[in-house]
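Engineer: Sequence:
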Amino acid sequence: MFSTSDQVSKMNSRILSALLILGIATCVIAGGFCPKSRHPQCNLSYKINDCCAQSDCRVGSVCCVEGCGNVCRAESDTPLGEKFVDGSECKHGHVFPKKWYQFW
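Just so we're aligned: the sequence shown equals residues 1 to 104 in the working numbering.
Among the hints, a few may not be true.
[Unchecked claim] With a straight-line cut-off of 25 Å between C-alpha atoms, the simulated BS3-like cross-links for lysine-lysine are: (1) K99 to K47; (2) K47 to K98; (3) K47 to K83.
[Stated by the list, open to error] If you anchor each label on the Cβ, the simulated ranges turn out as follows: (4) P79 to D50: 14 to 22 Å; (5) P40 to D86: 16 to 24 Å; (6) H94 to R14: 53 to 61 Å; (7) I48 to K99: 15 to 23 Å; (8) G87 to C42: 22 to 30 Å.
Everything labelled a hint here was simulated from the structure, so no lab data went into it.
In this text, all values refer to a predicted model and were calculated from it rather than measured experimentally.
Backbone N, C-alpha and C define an ideal beta-carbon position, used for all residues, glycine too.
Please work from the sequences and hints to get the whole structure.
Structural biologist: Here it is as structure tokens:
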């Protein structure tokens, strides 16, 4: 037969396992926020995209939309900037605006 201490031990290990899984899931989902944009306005006639997905950035960084293109920035605790949405239209590198004759 099981003693009361064995039952308590099993219950404690289940609770700790559940808390561990919850903690890991929270870290994976949290993702972080973009800090305030350094350059909200861009004086260039083109953009330079360093990232086109969150996976393009290192751990602890987030792909953020800036005035002159998307860049990887260190995560912030507060949502002050604009985070790039995975799946949005994006092209890596220098992106020039279309000329009038390229729209057709």
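Engineer: The structure should be examined with respect to each hint, and the outcome stated for every one.
Structural biologist: Hints and how they fare:
1. K99 to K47: holds, 15 Å
2. K47 to K98: holds, 12 Å
3. K47 to K83: Holds, at about 16 Å.
4. P79 to D50: 14 to 22 Å: holds, 20 Å
5. P40 to D86: 16 to 24 Å: For P40 and D86 the Cβ distance comes to about 22 Å; the hint holds.
6. H94 to R14: 53 to 61 Å: 55 Å Cβ-Cβ, so the 53 to 61 Å window holds.
7. I48 to K99: 15 to 23 Å: Given about 19 Å between the Cβ atoms, the range holds.
8. G87 to C42: 22 to 30 Å: holds, 23 Å
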